[in-house]
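**Student:** Chain residues, written in single-letter form:
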Amino acid sequence: MEPYKNILTQPIVDMHNVSIRYGKDPEILSDINLTLDKGSFHFLTGKSGAGKTSLLSMMYLALKPSSGTVTVFGSNIGYTSREDMAMMRRKIGVVFQDFHLLEHLSAYDNVAAPLRVRGMSENEINKRVKELLSWVELDKSLDKICSTLSGGEKQRIAIARAVINRPEILLADEPTGNVDDDIAFKLMKLFVELNKLGTTVVIATHSTDLIARYNYPQIHLENKKLKIIPALRRIKNADQF
Amino acid sequence: MLINFKMRQQTELPLKEDKANFFLQISTGVSVFLFSMVLAAYFMTSSVIASWNRAIIDGMTVQIMPSTQAISADEEKVRIGKVIHFFENLDGVEKVALVKEKQIKRLMAPWLGANADIEALPLPKLLNVHLKNGKTFPFEKVSEDLKQDFPYASMDNHGLWLKKLVKSATSVKTLALFVLLLVLSASILSIMYAITTSLKVHQNIIEILHIIGATDNYIAKQYARRASIVGLASSLVGTLTGIIALRIISHLSSGLETGLIGSASLSATHWMVLVSVPIFAALLAMCTSFWCVKHNLKEMY
Chain A
1 MEPYKNILTQ
11 PIVDMHNVSI
21 RYGKDPEILS
31 DINLTLDKGS
41 FHFLTGKSGA
51 GKTSLLSMMY
61 LALKPSSGTV
71 TVFGSNIGYT
81 SREDMAMMRR
91 KIGVVFQDFH
101 LLEHLSAYDN
111 VAAPLRVRGM
121 SENEINKRVK
131 ELLSWVELDK
141 SLDKICSTLS
151 GGEKQRIAIA
161 RAVINRPEIL
171 LADEPTGNVD
181 DDIAFKLMKL
191 FVELNKLGTT
201 VVIATHSTDL
211 IARYNYPQIH
221 LENKKLKIIP
231 ALRRIKNADQ
241 F
Chain B
242 MLINFKMRQQ
252 TELPLKEDKA
262 NFFLQISTGV
272 SVFLFSMVLA
282 AYFMTSSVIA
292 SWNRAIIDGM
302 TVQIMPSTQA
312 ISADEEKVRI
322 GKVIHFFENL
332 DGVEKVALVK
342 EKQIKRLMAP
352 WLGANADIEA
362 LPLPKLLNVH
372 LKNGKTFPFE
382 KVSEDLKQDF
392 PYASMDNHGL
402 WLKKLVKSAT
412 SVKTLALFVL
422 LLVLSASILS
432 IMYAITTSLK
442 VHQNIIEILH
452 IIGATDNYIA
462 KQYARRASIV
472 GLASSLVGTL
482 TGIIALRIIS
492 HLSSGLETGL
502 IGSASLSATH
512 WMVLVSVPIF
522 AALLAMCTSF
532 WCVKHNLKEM
542 Y
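First to last, the protein sequences are chains A and B. Quick note: the first sequence uses my numbering, first residue 1, plus one each step. Quick note: the second sequence uses my numbering, first residue 242, plus one each step.
Hints may be right or wrong, so weigh each one.
Each computed BS3-like pair below joins lysine-lysine, with the alpha-carbon atoms no more than 30 Å apart [stated by the list, open to error]:
1) K127/A x K257/B
2) K260/B x K144/A
3) K91/A x K535/B
4) K130/A x K414/B
5) K24/A x K535/B
6) K64/A x K260/B
7) K24/A x K257/B
8) K140/A x K539/B
9) K130/A x K257/B
10) K462/B x K127/A
11) K144/A x K441/B
12) K539/B x K24/A
13) K91/A x K260/B
14) K144/A x K462/B
15) K91/A x K539/B
16) K346/B x K64/A
17) K535/B x K64/A
Calculated directly from the structure, the hints in this document are not laboratory data.
So here's chain B without its partners, still in its complex pose (with noise of 0.2 Å):
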């Protein structure tokens, strides 16, 4: 009795059975897997820009060369350390740390292997130099003292190189927003023509459900409740691809030295951003769908 009367309560829109389906399915699901993607590098260039933009709020990396001269490791430490004092009594300055040796090995590796004894070798000392946030730092000014005072020190600003790439990888940001425009344009667009078409076929039902008293809303619903349905499925498995996807660029890109863009990934938020995509998806096939209707049914008749 229960199942016979839950089967009764059908729509009278044949839409479950209507071909524009098939096509609703394939170019949302389309469209997802390629939104995702996209979004996915939206939020990667963020990370990078972000990153970069950090490290020239930051600070710089201050370069001491090795003696020409042998000198004792005490020696060497008092040279060091007045380097530090340099840069820790300036104005704008948050913190001085000198570059271990062993993250010197780390950087050296690619070039001279892992098992390479880096203390040999006459490599200079590094060290970072964290900026106070907001502070204007006079890196000129500072950089003419620093040779003046200590000629074998020398200032790499990172902002002067990472300024060009930020603007580069901004230019990429907003063809990636400019993409997901037109991914979402054409989602709508199809779902448009996938509507109108049905509503072409099932003009005679229309035509029948106005005469018996359906309001433009009662039909739109049916259809809104149809898109909402197929934009979910399909989007489903268009994000679940996508996921897939960048998984799979992800292990690939693993083995790379990616250096500068070794911070594109992606946060928790983004991840959440791209796995509630799907129900995005659906409520802009919904929405569109039942303005698509009402829109075409005060056209029709």
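If we strip away everything but chain A, and leave its shape as in the complex, we get (with noise of 0.2 Å):
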């Protein structure tokens, strides 16, 4: 019965004893568990320089555990080839608080990006990319440069490149800091749609609003240590952090 049970339960991020450092640097994050299930929703919580940025690189492939294990989609990262990373990242969407987009590139090509990166056909591509466009209300500015774009814009098309390729997990960095209250609304929504369909959720914010108006577990990083706050608890006591 063991391993049926484990196949079940198998978590799509764990992190084991993680610590991180940069260079000669102080610890940023010391000693780290963590585990997220497939269909999780989190809010991830901490104050600026807590490390916030650090676990969800982690998260996304992009940085390696100075010590500890982490393991993403059952593989340990510190063993995975270039290549396998490539592909597990192929299953990751991200958004980034200053966007990282391809600035130089239409508002189109940006959120094909990913898709002409797995080699999709450009028929499917275009189908696909008018459509996501079309709902974050950009299907205007298609062929727009994204350097001329508000940051509002640029917020949707980082969500539109995030969640294109109906990611396992998704990763977002403050995804509603530059977008007003019905936009925000409205990502929000998506991001809980695409979480009923199966999609892992970490959300990075400082927003108290965002966090109390949704019923979700918290993970609050604080003096190099993570906690878990469930979410019936978080609401109950939510004085305490």
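Assembly of the complex is requested from the two constituent chains, each provided in isolation within its own frame, with the hints serving as guidance.
**Tutor:** See the structure below:
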């Protein structure tokens, strides 16, 4: 019975005794243990410099831990080949606070990039990109070069690019920071819908409003350590953090 | 719709606008020009060496001095015939031919003028003796026998002095090969420099591409494609310039009395190799950039 149970409950991200330091600087995160199950939804919180970006970087395979083990999709990233890492990244959507867009390309090409990387046909790309850009209300800005767009528009392109591949993990760093309330609500609705379809979602945010509105557990980083605050307990004891 | 669709099929890396392109174009163009010139020199030297080697293997010239006494034309024919007969009976000789007066006149023209009456001059008769391939010919013994039987005839073995020329020309050929390798190495290094610079310039874009799941091959292919286009275009210019320069040199040298290096010409195969240099350059640029990108990406991330 045990192996059967393991397959069903195998975490999508598993961090064991993970520490991160850059060069000879002091540790940013120390002895972190975290398990994210498939289909879970978490907010990632903590003060600026608490290590949120570093934790997310490990999840999207851009950073290897200084010590400890990080397992994503069942593979220890310390022993995964570059080719396999690329294949794994295709199943992860990332939204950055500063967008990380290809500024010289159009909105269309930015959103199409993850599909082109996968070698999808241009017909299929055309269909999917137009549909998604229409959904984020950017269908009239398809051919506009990203560097000419506003912060809010860039934010929506970044989100469209992150979700176009229907990722298994969606990581977002302040995804609603640059958009108005209506768009923010719409984007959160998109994340929730994706989560219902099985996508594991982690959203890094400082917005207490956002956290309060959605009843999801919180990964909180403080003093190099990680605490999980379950959704219900957090609501009951919201003042503790 | 089609135009719009095609326009959207672009690469993520803005390599077309890369400043390193200009450097790559100039360095490839100059390298290919030099490569074509040195390659042509290499081919020409090879042709000369081959023709000299053929001359060494092929045979020798026999000189029959005119008689000191006045003799009739028939007696002269007999004198020459005896020498021809002497060589025809030797083992290893394939053919003996008397050099015609017309040919001697042409050979002497630079000294005597085109309209000189050479029949009135006491010029020696010449025999071209062609040897059989692969046979060792006892030059010294034959020379002594000839001297003994026909004191008015003497042998001129081309090999004795041509061998020295072949040796010098082989050194020139080796030098040309070394210069070719040098130009090739310089080209590879300049491509690598341009690619490394470009990778640093586009580091942010490459990071984004990696995050969205691009493999190193995907990124390397974009560089390889661009390098092959730049390589082909600039090497076409380089080769064309080289061919024009060769034609000019060939035209200018045609007015000179080349004599020994008269055989320094390019064959059809040589021209084909020269014309295919841009394709080779494009392939080299493509492979070098692909390998260089893959290697650097491994080092960078």
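**Student:** Go through the numbered hints given earlier and state which of them the structure violates, listing their numbers in rising order.
**Tutor:** Failing hints, ascending: 4, 6, 7, 8, 13, 16.
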